[in-house]
Amino acid sequence: MSYGRIGFGIQRFIQLFSKNSLAVPLKNMENNISQHSVTHIRNKSNVGVQCSTLNDLETTDCKSDECLATDEDECQENPDLLQISKRKLNGQAEHTKKLKKAKLDPVPTTRPGYTSERFDETSYYIENGLRKVYPYYFTFTTYTKGRWVGRTLMDVFGEEFRAHSTDEYERHIEKGSLTINNERVTADYVLKHNDLLANVVHRHEVPVASGTIDIIHLDDDIVVVNKPSSIPVHPCGRYRHNTVIFLLAKEHGLKDLKTIHRLDRLTSGVLIFGRTSNRARTLEAQIRDRKVNKQYVCRVDGRFPESVECDQPIEVISYKIGVCKVSPNGKQCNTSFQLIGYNEREDISVVLCKPRSGRMHQIRVHLQYLGHPIQNDPLYNDTVFGPEKGRAGNFGKTDEQLVKDLIYAHNAENWTDDRLPVLPVVDDKLPVLTMADDKLPVLSVADDKLPVLPATENGGQAKDSEMVGVSTQTGIDMPDIGFDEKKLTVDAHCQECKIRYKDPKPSDLVMYLHALRYSGPDWAYETPMPAWADVNWQEP
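Counting along the sequence shown from 1, when you hit position 501 you're at 501 in full-length UniProt numbering, and nothing is skipped either side.
If you are wondering where the hints come from, they were derived from the structure by calculation, not from laboratory data.
Treat the hints with caution; some may be incorrect.
Cut-off 25 Å, straight-line C-alpha distance, at most; resulting in silico cross-link-like pairs (DMTMM-like, lysine to aspartate or glutamate) [stated by the list, open to error]:
(1) Lys-175 to Asp-195
(2) Lys-502 to Asp-522
(3) Lys-145 to Glu-117
(4) Lys-145 to Asp-188
(5) Lys-498 to Glu-485
(6) Lys-389 to Glu-346
(7) Lys-505 to Asp-522
(8) Lys-389 to Glu-496
(9) Lys-354 to Glu-400
(10) Lys-354 to Asp-522
(11) Lys-502 to Asp-484
(12) Lys-255 to Glu-284
(13) Lys-502 to Asp-491
(14) Lys-192 to Glu-160
(15) Lys-192 to Asp-221
(16) Lys-192 to Asp-167
(17) Lys-175 to Glu-159
(18) Lys-486 to Asp-508
(19) Lys-505 to Asp-347
(20) Lys-255 to Asp-311
(21) Lys-486 to Asp-167
(22) Lys-502 to Glu-539
(23) Lys-291 to Asp-301
DEER-style ranges, computed between Cβ atoms [what the hints assert, rightly or not]:
(24) Lys-404 to Thr-152: 16 to 22 Å
(25) Arg-288 to Pro-313: 42 to 48 Å
(26) Asp-256 to Lys-397: 44 to 50 Å
(27) Pro-521 to Ala-392: 33 to 39 Å
(28) Glu-346 to Lys-404: 39 to 45 Å
(29) Gly-386 to Val-535: 26 to 32 Å
(30) Ala-285 to Asp-256: 18 to 24 Å
(31) Tyr-342 to Asn-394: 22 to 28 Å
(32) Gln-401 to Asn-278: 26 to 32 Å
(33) Ser-507 to Met-154: 41 to 47 Å
(34) Asp-219 to Ala-285: 55 to 61 Å
(35) Asp-256 to Pro-305: 41 to 47 Å
(36) Glu-309 to Gln-495: 48 to 54 Å
Everything numeric in this text was worked out from a predicted model, so none of it was measured.
A virtual CB, placed ideally from N, CA and C, is assigned to each residue, including glycine.
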């Protein structure tokens, strides 16, 4: 018998055996394959601010120890992420997925998705040039991880989720906001495979810049926007309603969008979403096959050479805080740079960047390596990388020490101001939230189902006058939305309700890196140059 027939026989045996096994839902198998496989019980401490500062990649890179929230929840809440993972599975992955079977059926959980109910959980207000979100109640869920099996619920939370004290977690369990399989349990409950952990939290989001999202192109298949700085593409970490996905749905009526590519949270510029699966797959394939030309513009320190080609490989040294470096152990990538102009008085250069690959923080890391970091890059333009700020990959310390120093440096730069008065806290006579009661209190918001505009002409390129904002789309100016005390909920048990944060300046939420133009075989989309791309521009 040939080895091929033996292999086929083994495979057939496994398939037959699997039919008699209890299988997990497709969602769980995808979690083993995709990068989106964790749900978060979010820390309500300053570490959350640290994560939002360090982790500038707007995807699911906030992997703090205090999070029990996962990319699974983000995939559930963002079905598009799940669809991307599905579309990118190759034949081998599909085969592997079929062989992965759980021994026990997990407790089913509904996918939150992007429903009207989700969009209407809360609303925004504008204050000090920032878009803020009223706190709201939200349920984070995750299935038991392998290393938790056989341990008590209190042991797991005491060791892996250190956002609060043991007493605080015991109180959550006693009041019924932390449950297992939709039922109240005691602190000494022993976790089993596929147990569903859920925690109801009073969720506070981080503010973002208050600018509108301009639409460059819109048709039945795609929508292209000029993404502002500071706003993540989709829910992640401490951002949910303050994301491009939610803002487009709530303010433009553009729902069920499919993410095709991503930009860092602090990066602005061309961002493309699919409105149909077919078009999304086509554009994804073009990007994957490197048929898409990308042009970025940035403002960097020092006098940049006329032209530079950088092909240094890049390695992720910490997924937890989202930081990379040039390393021979990294993945191959290439970026070409061309000088646009130099300001001798300010000793800054404006540079055109053309990345030929799409590694995490590629442009930023290559510029740091070349000794010309982006002028206001909060991560890579820092002496924590050494006296030369990481020029030529010289940090003068180990990766482990670098990560520790980065965490320490950025944790000391949070926005907490203990001198500010805390929000008033109501008494303990609040209704107890339990998983048995699915009707969690939510805040009302206007149903902003705004009309959408027809597609632009000329291959999708838009002039300045064609840029579409909320005011032009509705025909009326959108006034500033003031704070409404009636919409504020204060939870006596929420630690973050007792903390006031210093507002960042809007200028602190901008990084001088902008996606200027994306073009494919038969399409091209671009934005106007940002104001700071003028070599003689001065910060107000």
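Holds or violated: are the alpha carbons of Lys-145 and Glu-117 at most 25 Å from each other?
-> Violated: Lys-145 and Glu-117 sit about 30 Å apart, past 25 Å.
Restraint check for Lys-502 with Asp-522, where alpha carbons must lie at most 25 Å apart | 47 Å, violated
Lying within 33 to 39 Å: is that true of the beta-carbon distance Pro-521 to Ala-392?
-> Holds, at about 37 Å.
25 Å limit on alpha-carbon distance, applied to hinted pair Lys-502 and Asp-491 | 20 Å, holds
Taking 25 Å as the top limit, are the C-alpha atoms of Lys-389 and Glu-346 close enough?
-> 19 Å, holds
Distance restraint evaluation - Gln-401, Asn-278, Cβ atoms, bounds 26 to 32 Å | Violated, since Gln-401 and Asn-278 (Cβ atoms, about 49 Å apart) do not stay within the stated range.
Take the C-alpha atoms of Lys-192 and Glu-160, compute the straight-line distance between them, and say whether it is at most 25 Å.
-> Holds, at roughly 17 Å.
Quick one, are Lys-175 and Glu-159 close enough, alpha carbons at most 25 Å?
-> 21 Å, holds
Holds or violated: are the alpha carbons of Lys-192 and Asp-167 at most 25 Å from each other?
-> Answer holds: Lys-192 to Asp-167 is near 23 Å, not above 25 Å.
Outcome of range test on Cβ distance (Asp-256, Pro-305; 41 to 47 Å) | 45 Å, holds
CA of Lys-255 to CA of Asp-311, is that 25 Å or under?
-> 39 Å, violated
Within 25 Å, alpha carbon to alpha carbon, are Lys-498 and Glu-485?
-> 16 Å, holds
Violation of the numbered hints given earlier is confined to hints 2, 3, 7, 8, 9, 15, 18, 20, 21, 23, 24, 25, 28, 32, 34; the remaining hints are satisfied by the structure.
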